[in-house]
Structure formats: C-alpha cells, structure tokens
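Number of protein chains: 2
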Amino acid sequence: MPEKLDGATRLFPIIGDPIKFVKSPQQLTRGFEKRDYNGLCVPMQVANGDLAPVMQALTLTGNVDGLLVTMPHKFAAFAYCATRSETARLLGCVSVMRRNADGSWHGDMLDGLAFVKAQTDQGAQVKDGRALLVGAGAAGSAIAIALLNAGVRELIIHDADASRSTRLKDLISDAGHASVNVGPADPAGCTLVFNATPMGLAESDPLPVSAALLDSSMFVGDVIAGHGVTPLLKAAQSAGCKTANGVQMVDAVQEMMLDFLRG
Amino acid sequence: MPEKLDGATRLFPIIGDPIKFVKSPQQLTRGFEKRDYNGLCVPMQVANGDLAPVMQALTLTGNVDGLLVTMPHKFAAFAYCATRSETARLLGCVSVMRRNADGSWHGDMLDGLAFVKAQTDQGAQVKDGRALLVGAGAAGSAIAIALLNAGVRELIIHDADASRSTRLKDLISDAGHASVNVGPADPAGCTLVFNATPMGLAESDPLPVSAALLDSSMFVGDVIAGHGVTPLLKAAQSAGCKTANGVQMVDAVQEMMLDFLRG
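From first to last, the protein sequence lines stand for chains L and A.
Just so you know, we're using this note's numbering here: the first sequence kicks off at 148 and counts up by one.
Just so you know, we're using this note's numbering here: the second sequence kicks off at 148 and counts up by one.
The reader is advised that the hints may include incorrect statements.
Same chains, same names: a pair is fine if it fits in one copy or spans any two.
Cut-off 27 angstroms, straight-line C-alpha distance, at most; resulting in silico cross-link-like pairs (DSS-like, lysine-lysine) [what the hints assert, rightly or not]: (1) K316 to K381; (2) K316 to K170; (3) K316 to K274; (4) K170 to K274; (5) K316 to K167; (6) K151 to K274; (7) K274 to K181; (8) K151 to K389; (9) K389 to K274; (10) K151 to K170; (11) K381 to K181; (12) K389 to K181; (13) K167 to K389; (14) K316 to K181; (15) K151 to K167; (16) K381 to K151; (17) K167 to K274; (18) K151 to K316; (19) K181 to K167; (20) K170 to K181.
No lab work stands behind these hints: they were computed from the structure.
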C-alpha cells in the first residue's frame, strides 16, 4: 500500500510509450512521501498520436496537478503549455508540466539540467570546461543549453548529420558566452566528453567517440540509461576516465522534478 | 511507497466528483497487493459533463485495465460499454468496467449486490425474507434487483414519488419470482427494512421509516455511508434491530470489484 493513497491524492501521471521501464512512478512518489505530500506519479501508456485526447482529459481532471512527459511526446506536449521556461521555448519541447493558477499548463525541459547535474554529482568540473558533445538531437540540444548555462568555456558539437550540428549551433549561439563550434568527434584537448546519441543501445553499435582518443584527463558521460555500462563508458573507464551514466541522470532529475512540480 | 508501483503498474481509476472521500484507492489497491497483482486504483476528479473526453483518453491509455464509476457518472458511463451484465442493462448504469479482449469495455453494476452482501454479512436473512425498500432511485433500483436475485419472497417498494415506485416495479416484474408491490413506508410484517434514499445525510431529515413502526424482529439496513450511525439506524438499534450501514456496503463491494476487474 502507498503510505498516502486515498480520494484526496493528487496525481502526476508520466505519459509515454513504451512506459513500463520508467522509474518516476516509484522515485517521484517516494520523493512526495519524503516531503509528506499526498502525491502519486502513475504511468500512462499513451501511443504516438493519442496525446491530444489524453491531454484534454488530464486537463479536465481536477486532481491532476502535474505531468511528466517522455518519449515520444516531448515535442508534441510543448503545444499544450500556455507558458514555458526559456529552455523549453528554445528547444520546442517539455519534459515536465505543472498547473498555472488558472489551470493552464506551464512547461519546462529538465533533461539537460539533469544530465549536467549527474556529471557534477560524479565529479565532473563543468564550469570553464571544454566539452565535446556528440549528438545534436533532442537530448543533445537540451544538454548543450544546460552546459552553456552551467558555464562551459568551449563547446564542440558533433553529429553524423552535419545539418543538425549546425542547426543546434545556430539555436544556442545567443544563449551563452561560450565559444560554440561544430567539429569532428575528436576529444583532443577536451575535459568533458558527452554522448547524446542512441549509440550504445545495441552492443553492436560503433562507439560515438573512438576509444583510442580517450585519456584520463577527460570526464565521460553518457545519456543511455538502463543498459548497464555502455561500451563508451567501459572504454572510458579502461582509459582511466571518471564517468557518469544515464541512470545517474535519471536519479539527478528527481529532486528537480519535485521542486518544479510543487513549485 | 506503494509496495508495487512502477512503469509496469496497471491502472484502475475511480472517476467521480466529488472524489476526495472515496475509499477505493486504498481498499482496492490493498486488495491487489494481497493478490500479489501490480494494480493501482487512483482517484480522478471528473466533473459532470466531462466524462466523454476522459473516457476517450482512458480507453486509449494502454495500461488502464478497468474503471470504477461513481457519482455523477454511473448512468453516463453505461453508454461507453460495448457489453454489459444483465443487471447493468436493466438499470441503465454501471459501477465498474473492465476491458474486453478487443479493448472495448464491459460494464457491471455491483452496488445492489454489495448492499445485499453487507446485510447478510451483518446477519440478515435475505432469502425468503419480506422486505420493505424505501427509495426507488438508482440505488434503490440496484438493491431491488439484487434482493430478487438473492431470493426475497416479497418486496414492497415505497418512494415519496409514487411514479418512481411504479416504474421500478414494472422494471423488475420479470426479474424474479418474488411478489413485488408498491406500498406505504410501513414495515409491519417485514423482516427486512432498507433505506435507499438520501434521508439521513442531514441530521434534520425525517426518518425514511417511522421509528415507532420498528421492532426487534426486523433487520434494518441503510445505504448512507460516511455519516456515522444514521438516525434510522439509531432508532433501529434502540428498537433492538440488527443493522447494517453504508460503510459495510462499501467494504463488501471490494472483493466483488477485485473479482470483476481481474475476471
């Protein structure tokens, strides 16, 4: 039994598909309990294309106070937010939503912040660092903005699709005071090496950064969660690097989500 | 923390307005846990008129396996059921819904059964009894059908609105082999006396049956839950009657709901 679960429980559904591997129902609910708050995070499996009726219903449901949004809905959910954080606005997507006073939704995108927090929690020195970021998709874009906000001195963006790197560089060129460049997947001279691609989900994937180019002066972080130690992190640990993985990113985001949802 | 709450949790929302006093979230979830099943009953506050979009969304949500329906939605929810029990069909309303194999909904109305079970749990002899039922609305109609199914020998229906008594008598005239009649709120000769009206919600309400007409040969049951011992039950206990209250009805329905939802 939940410690607190009754007719007065406030709901914070997490919406995605697939949904059964998400950790927020247990982690966020435990966080509510620690704060002595009668809130519950419940999973809702909502297929791509079904977001509109589900958002309509959850908006009408009086005891739904917040939402967590995961794949494939992070971009589509943006449209249901009457107000958004600057990061969400830049990225055009949201990971969390809470009610405004009038019942409308305020959205924020916490994934990048969570990733950076996981790195610093594991010992990375992000401020004034020189970072190579591989992957300029949704995750990479969120991480890039968070890195700039955290004070990296230089950011090199690489994506196998060069147009994505360039688009991200253009997107964030006004967002910070760092030097932002598009470049190869070469970490030479970098203190921070981050993977924001799906490479590593399959054992047969090539490494996002060649193992031979890693050395112990680099901190290596990976967005991939739930697949054990990825080949990139294995190679990094062999090279003597400190590392952070996607599970630590998921852990790091919980407190942020609690603060946001109860904010 | 719920013992079981994660991304794989199956949801069984209870839909109503107001919702904060319902007991099913804790009771049904405890029942799922006892059966070692990863299911959770969560409250959803859905106003009258908002059922359609909420039903659409919950139907689309892959891990919603069942629904509990309470006021004011019991009649409106009937329309969303592709298949229904005979009792639900007769009454035109449902209290519980579960998925058919094709994802559509099967509805049943368990309130009457729950009421009758509460009476027998508290010692009433329903089979072959002679019952006075005061109140021929939704609750009274459900109870009348359940009493016939449980084998009462004679049923006298009273409602302040005589057209409702007559309508209920006509509705159930084919549903059992008992003698069914419309009559005054006089329990003389009855072994069972049941209140299915809202009288007793307010302390100033008149009794549904005059206290002077009760004697210790009668078993007296009341649908009203959550308002302590109602004036009718106080009078009945003073007269030496055995009694059952609405809370016992709510308790009685939990196992039925579990059987139905996991059936």
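Hints versus structure:
For the identical chains of this complex, K316 and K381 are neighbours neither inside a copy (29 angstroms) nor across copies (76 angstroms), given an alpha-carbon limit of 27 angstroms. For a Cα distance limit of 27 angstroms, the shortest separation of K316 from K170 qualifies neither inside one copy, at 32 angstroms, nor across copies, at 54 angstroms. In this assembly of identical chains, K316 and K274 lie within 27 angstroms of each other by CA distance solely inside one copy; the values are 19 angstroms within and 79 angstroms between copies. In this homomeric assembly, K170 and K274 never come within 27 angstroms of each other (Cα to Cα): the closest approach is 29 angstroms inside a single copy and 51 angstroms across copies.
In this assembly of identical chains, the alpha carbons of K316 and K167 never lie at most 27 angstroms apart, being 35 angstroms within a copy and 50 angstroms across copies at closest. Taking the shortest Cα distances, K151 and K274 never come within 27 angstroms of each other, neither inside one copy (41 angstroms) nor across copies (40 angstroms). Taking identical chains as interchangeable, the C-alpha atoms of K274 and K181 are never at most 27 angstroms apart, the minima being 31 angstroms within one chain and 51 angstroms between chains. Taking CA atoms no more than 27 angstroms apart as the test, K151 paired with K389 passes in neither setting, with 40 angstroms inside one copy and 35 angstroms between copies.
In the homo-oligomer, the alpha carbons of K389 and K274 lie at most 27 angstroms apart inside one protomer (16 angstroms), although the nearest pairing across protomers, at 75 angstroms, exceeds that limit. For a Cα distance limit of 27 angstroms, the shortest separation of K151 from K170 qualifies both inside one copy, at 19 angstroms, and across copies, at 12 angstroms. Neither within a single protomer nor between protomers do K381 and K181 lie at most 27 angstroms apart by alpha-carbon distance, with minima of 35 angstroms and 43 angstroms respectively. For the homomeric pair K389 and K181, neither the shortest alpha-carbon distance inside one copy (31 angstroms) nor that between copies (45 angstroms) is at most 27 angstroms.
When the C-alpha separation of K167 and K389 is checked against a cutoff of 27 angstroms, the pair qualifies neither within a copy, at 31 angstroms, nor between copies, at 49 angstroms. With identical chains, the CA atoms of K316 and K181 are never at most 27 angstroms apart, being 41 angstroms at best within one copy and 55 angstroms at best between copies. Taking the shortest alpha-carbon separations for K151 and K167, both the intra-copy value of 22 angstroms and the inter-copy value of 13 angstroms come in at or below 27 angstroms. Proximity of K381 and K151 under a CA criterion of 27 angstroms is satisfied in neither setting, with 41 angstroms inside one chain copy and 33 angstroms between copies.
Taking the shortest alpha-carbon separations for K167 and K274, neither the intra-copy value of 36 angstroms nor the inter-copy value of 48 angstroms comes in at or below 27 angstroms. Proximity of K151 to K316 under the C-alpha cut-off of 27 angstroms is found in neither arrangement, the shortest distances being 46 angstroms within a copy and 44 angstroms between copies. For a Cα distance limit of 27 angstroms, the shortest separation of K181 from K167 qualifies both inside one copy, at 24 angstroms, and across copies, at 22 angstroms. Both within a single protomer and between protomers do K170 and K181 lie at most 27 angstroms apart by alpha-carbon distance, with minima of 17 angstroms and 23 angstroms respectively.
Hints 1, 2, 4, 5, 6, 7, 8, 11, 12, 13, 14, 16, 17, 18 from the list above are not met by this structure, while the remaining hints are.
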